[in-house]
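Line order of the protein sequences matches chains S, G and Y. So the first sequence is numbered by our numbering: it starts at 9 and just counts up by one. So the second sequence is numbered by our numbering: it starts at 9 and just counts up by one. So the third sequence is numbered by our numbering: it starts at 16 and just counts up by one.
Read the hints as simulated data drawn from the structure, not as lab findings. Be aware that a few hints might be false.
What the hints assert, rightly or not - Computed from the model, here is a short list of chain S residues facing chain G with C-beta under 8 angstroms: (1) Ala56; (2) Val73; (3) Asn74; (4) Gly78; (5) Trp217; (6) Glu225; (7) Ser227; (8) Ala228; (9) Ala229; (10) Met265; (11) Lys267; (12) Pro354.
As the list claims (entries may be wrong) - Okay, the calculated bits of chain Y under chain S, using three or more residues with CB under 8 angstroms as the criterion: (13) 111-119; (14) 225-235; (15) 272-280; (16) 306-314.
No residue lacks a Cβ here, since even glycine has one placed at the ideal position from N, Cα and C.
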Amino acid sequence: MKKAGMWCKAVLAGVAAVAVAVPFAAQAQQYKGEILHPMMVTRTGPFATASTGVTAGQQDYYTLVNMAGGIDGYKIVWEECEFEYKVPRALECYERYKGKWKMVYPNSTPAIFALAERVTKDEVLAINLAGGRSDSSDGETFPYLAPVIANFWAQATSTIAYIGQLEGGMDKLKGKKIAYIHLDNDYGRQPFPMFDELAKKYGFEWKSWALSWPALEQSAAWVDIARRYRADYVVGWLYGQSCAVPYTEIAKVGYPMNKYIGSLWCGTEDDVGPAGPLAKDTVTANFHGVGKDFPVIKEIEAKVYKAGKGNADPARVGSVAYNRGVITGIIIVEAMRNGLKAKGAPLDGKKVRDGYRMIKLDDARLKQLGATGLMPNLVFSEKYHGGMDSQLFQKWDGTKFTTISKWIPPDQAMVQAKIDDSAKAFREQTKAAPAK
Amino acid sequence: MGELIFGIELLITGMLIGLMYSMVALGFVLIYKASSVFNFAQGAMTLFAALTVVGLIPHVGLLWALLIAAVVMCVVAVGAERIVFRPLMGSSQLTIFMGTVGFASILEGASQIMWGTKPRGLQLGIPSEPLKLGEVFVSKPDLISAAIAGLLVIAIVLFFKRTRIGLGLRAIADDPAAAAVVGIPLRRVWAVAWSLAGLIAIASGVLWGSRIGVHFGMSLIALKALPVLIIGGIDSVAGVIVAGLIIGAAEALGEGYIGTYIGGGVQDVMAYVVALLFLMFRPSGLFGQTAIQRL
Amino acid sequence: MLAMAVAAPFLLSEYWIKAILIPTIIFGLSALGLNIVSGYAGLISMGQAAFMALGAFSAVIAYGRFGVPVPLAILLGGTVAALVGVVVGTPSLRIKGLYLMVATLASQFIIIWALQRVPWTGSGSFATLNTPPVRIAGFDFSTPTAKYYLVLVVVAVMTLFGWNLVRSRIGRAWMALREHDIAASIMGVSMLRYKLLAFLVSSFYAGVAGSLVVFGWTGAASVQEYELDVSIKILGMIIIGGLGSVLGSFLGAAFILLLPILIAVAMQRVAALTGGGTVSVDVLANAEHVVFGALILFFLIREPQGLAKLWFGLAGWVDRRTGTFNATKGGRK
Chain S
9 MKKAGMWCKA
19 VLAGVAAVAV
29 AVPFAAQAQQ
39 YKGEILHPMM
49 VTRTGPFATA
59 STGVTAGQQD
69 YYTLVNMAGG
79 IDGYKIVWEE
89 CEFEYKVPRA
99 LECYERYKGK
109 WKMVYPNSTP
119 AIFALAERVT
129 KDEVLAINLA
139 GGRSDSSDGE
149 TFPYLAPVIA
159 NFWAQATSTI
169 AYIGQLEGGM
179 DKLKGKKIAY
189 IHLDNDYGRQ
199 PFPMFDELAK
209 KYGFEWKSWA
219 LSWPALEQSA
229 AWVDIARRYR
239 ADYVVGWLYG
249 QSCAVPYTEI
259 AKVGYPMNKY
269 IGSLWCGTED
279 DVGPAGPLAK
289 DTVTANFHGV
299 GKDFPVIKEI
309 EAKVYKAGKG
319 NADPARVGSV
329 AYNRGVITGI
339 IIVEAMRNGL
349 KAKGAPLDGK
359 KVRDGYRMIK
369 LDDARLKQLG
379 ATGLMPNLVF
389 SEKYHGGMDS
399 QLFQKWDGTK
409 FTTISKWIPP
419 DQAMVQAKID
429 DSAKAFREQT
439 KAAPAK
Chain G
9 MGELIFGIEL
19 LITGMLIGLM
29 YSMVALGFVL
39 IYKASSVFNF
49 AQGAMTLFAA
59 LTVVGLIPHV
69 GLLWALLIAA
79 VVMCVVAVGA
89 ERIVFRPLMG
99 SSQLTIFMGT
109 VGFASILEGA
119 SQIMWGTKPR
129 GLQLGIPSEP
139 LKLGEVFVSK
149 PDLISAAIAG
159 LLVIAIVLFF
169 KRTRIGLGLR
179 AIADDPAAAA
189 VVGIPLRRVW
199 AVAWSLAGLI
209 AIASGVLWGS
219 RIGVHFGMSL
229 IALKALPVLI
239 IGGIDSVAGV
249 IVAGLIIGAA
259 EALGEGYIGT
269 YIGGGVQDVM
279 AYVVALLFLM
289 FRPSGLFGQT
299 AIQRL
Chain Y
16 MLAMAVAAPF
26 LLSEYWIKAI
36 LIPTIIFGLS
46 ALGLNIVSGY
56 AGLISMGQAA
66 FMALGAFSAV
76 IAYGRFGVPV
86 PLAILLGGTV
96 AALVGVVVGT
106 PSLRIKGLYL
116 MVATLASQFI
126 IIWALQRVPW
136 TGSGSFATLN
146 TPPVRIAGFD
156 FSTPTAKYYL
166 VLVVVAVMTL
176 FGWNLVRSRI
186 GRAWMALREH
196 DIAASIMGVS
206 MLRYKLLAFL
216 VSSFYAGVAG
226 SLVVFGWTGA
236 ASVQEYELDV
246 SIKILGMIII
256 GGLGSVLGSF
266 LGAAFILLLP
276 ILIAVAMQRV
286 AALTGGGTVS
296 VDVLANAEHV
306 VFGALILFFL
316 IREPQGLAKL
326 WFGLAGWVDR
336 RTGTFNATKG
346 GRK
């Protein structure tokens with residue numbers, strides 16, 4: 009009984025600790041002259057790899073902006089909330105910093121879907137570069153969601169266009185066989201309608217090989233693709249650890265490495281790196297330039313890292329995930345700057361969203377920012393939240409990626425039609441209250 | 009290529025991979041035989057082992073990395089047994105199962121703290137081109153991995169049959185109380201069983217790592233061992249090999265002949281469907297003892 | 016306690032309601048269901064998350080696509096899950112323990128796979144279905160408080176029902192089966208009937224919890240939220256909370272869901288106090304898992320019978336201190 013009493017005290021203490029600690033959770037304050045920018049991050053678990061790079065890239069860019077005096081004198085102060093790429097934790101993070109969000113970027117498609125209702129109600133823009141809802145390019149139907157760059161449908165059509173280019177023209181695709189190996193989830197299935205239409209339009213044949221998450225064992229599918237179907241090209245739509253798996257399988261079935269084209273979500277060094285020299289000559293898509301050869305990246309190295317204020321292992325600067333972070337940082341800062349200019353301080357979610365809709369990153373502006381060649385031109389509006397963008401293609405030489413193509417545009421008309429259809433279906437699904 | 013050759017290739021590929029599932033499953037069987045614990049942390053141990061090996065290779069080379077990792081895993085395994093599972097002795101099996109879940113969480117966090125989140129490659133220097141037997145392609149890395157896995161399983165069988173500790177393990181599996189009464193050193197036997205499970209974690213970590221890279225997802229590979237355990241029987245070493253072959257073949261053939269008509273994605277489900285069928289007709293597995301029921 | 020739950024929206028911030036209370040009682044309900052099959056009837060199930068998914072999808076399709084009223088949609092979610100649960104439960108007539116655990120785990124994979132693959136679920140292009148605004152008899156359940164009460168009413172009714180059920184003849188039959196199923200069946204407890212009934216009730220609870228996730232919490236049904244790790248977490252809730260304890264199901268849910276958040280917040284605070292930057296953010300984030308695992312072990316070792324026992328021990332201690340009640344509640348489950 010004495011022991012029980014002791015334990016009860018311990019529990020009491022624990023309960024008290026909970027009661028004290030949790031309300032303190034959202035204690036972060038926005039001080040004068042600062043912009044408090046909460047960030048959702050994934051530093052643990054299977055998805056930590058890419059997220060840590062993207063997060064560091066953003067933070068380094070904010071640091072660079074702050075070192076140059078901030079946005080019109082306002083310094084960006086960020087605070088992280090770890091959510092492990094899990095939906096319930098993302099919702100908790102969102103509530104913890106509710107009212108303080110400037111722009112929500114979880115870098116997770118499932119989280120975007122779960123947050124959609126809340127951000128719309130609270131008027132905060134949730135973005136997911138090259139991911140999220142493809143139909144959220146339609147800013148009127150989805151006022152607080154945005155795919156920003158290259159939605160999944162644009163990616164799919166652009167990748168087929170690249171294959172057409174390799175063959176020497178879209179007409180040469182006639183009679184070709186394209187195998188599509190993908191994760192069996194919403195991400196992996198989004199290209200289906202695009203492939204169907206393109207196949208009809210250009211007369212090629214395509215077939216799907218679905219893999220269940222986590223897709224760490226793919227051998228049967230590859231034997232089928234290479235030895236029975238005998239595909240002319242294989243397009244891969246994998247994610248995370250499953251990205252590194254195809255290369256041993258491709259070598260094993262004797263399939264040419266350069267005929268395998270990975271999606272941009274398998275286009276980081278961490279995705280292909282584990283296979284190392286084995287994956288030499290493989291190609292993946294990307295939505296931005298690779299390496300350090302851009303003024304803004306060099307500036308970060310020279311200023312931020314020299315001052316010891318870097319947020320990443322210096323070796324990661326210039327890597328794909330890192331550059332993605334810098335691009336994200338540029339877009340978010342641009343939206344904040346526009347919002348401040350148009351609506352004044354203090355910033356809130358809605359003002360930043362309005363600023364996002366004013367983004368005009370044309371050649372001249374990108375040059376000013378030192379991001380020429382790093383990212384495509386982006387011009388947004390109330391109607392258009394981005395997503396209809398071109399892709400670059402990059403080749404793996406065994407240790408690093410090199411860009412080998414020009415910007416390859418998507419099939420604009422086809423993607424636009426799909427966006428319109430899907431947005432309409434969404435409006436009908438959610439707007440109309442049921443009969444009773 | 010004829011359908012027949014395609015079928016043969018699928019079958020061989022599937023069975024070779026099946027042996028690698030067997031190896032992962034072996035870790036579960038060992039611990040279960042020794043202490044009737046379903047060790048959920050086996051996957052996390054595999055991850056931890058693989059990361060340790062890969063982390064050490066640049067400093068000391070593959071051989072030393074393996075040896076050091078072996079020592080580390082023995083320490084981790086014995087430590088876990090002592091600090092974590094001995095205090096839980098006598099609790100319900102479900103409680104101990106939850107203990108392994110907690111232990112897995114610790115190991116996963118610790119691996120990422122120690123070795124970071126970056127996925128790493130692990131090249132064992134096995135040539136990757138396929139071996140061509142007539143028209144049939146067979147993968148050399150798969151062949152060698154399967155051979156190592158097979159040897160390991162045989163070694164464990166011999167260990168059980170021929171050594172005192174192995175016999176002790178079998179006695180404990182039959183009846184722990186009786187085993188203690190006749191003077192079998194329970195603690196030493198447990199320590200050995202856990203260490204062996206740690207060594208199996210290294211073997212599976214390295215062989216799987218050379219296929220799929222070494223990263224956090226490795227802890228999920230352990231899930232592939234569960235259907236193997238149902239079919240083979242969780243307390244049977246021999247059953248695990250046969251079950252691995254069955255699961256591997258069923259997965260590959262299912263994907264090649266069923267999956268291909270419905271858009272793929274049946275491979276993982278296939279393993280569980282086969283396992284469920286077995287459960288209906290042979291509830292305790294191919295070689296399992298029917299007495300084992302409770303968890 | 017119920018009074019406290021009812022008063023909560025007036026005392027606590029929106030953060031507490033939306034991010035802490037609602038998920039805790041929803042998962043507590045699901046854990047209660049699992050406790051019925053595992054804690055009372057002694058049949059281990061690792062498919063609870065999949066049953067939640069079935070409930071979530073059935074409910075959102077019924078409401079969103081066919082205009083079925085919300086209360087009926089919730090019932091339907093539970094019913095669909097319950098029917099599948101009976102099928103999943105059939106192997107339990109022949110197997111127990113670990114094999115049953117893996118058999119139900121197989122069902123977990125197969126159900127989630129099927130939900131993703133059957134085009135009719137509407138998961139063709141997006142594996143996520145959003146619900147239209149939740150409205151019952153013209154009343155809009157859009158505020159956190161309204162959603163909370165919707166969830167609370169359903170959870171309270173079902174908890175009360177469960178509470179009575181496990182104390183009824185049926186509950187005693189389950190416990191008899193748990194202690195020794197063959198002996199129980201010789202004494203006239205039908206194994207077929209009661210084992211399947213346990214699965215039916217358990218998955219019904221899960222299905223209802225799943226539909227509450229959609230209507231009261233996230234507003235969407237998505238298969239990614241019901242993967243295997245969620246099933247293991249729910250199992251963890253009843254083990255930590257206390258097998259065969261109604262209260263324990265909710266305490267366990269709070270432990271498993273809230274502790275990681277608490278650890279993360281606490282560590283962030285401590286790091287901030289020490290000036291920040293001294294410990295890398297990566298280490299800090301991963302340390303959360305180490306601490307969480309260690310705490311699970313700590314509680315299991317100190318109190319293998321679960322938080323519910325601690326709770327009653329605490330109540331007994333308070334009573335003794337205040338001298339109102341000379342209780343021996345400590346041993347009660």
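What hints, given by number in increasing order, does this structure fail?
-> Those not satisfied are hints 2, 3, 4, 10, 11, 12, 13 and 16.
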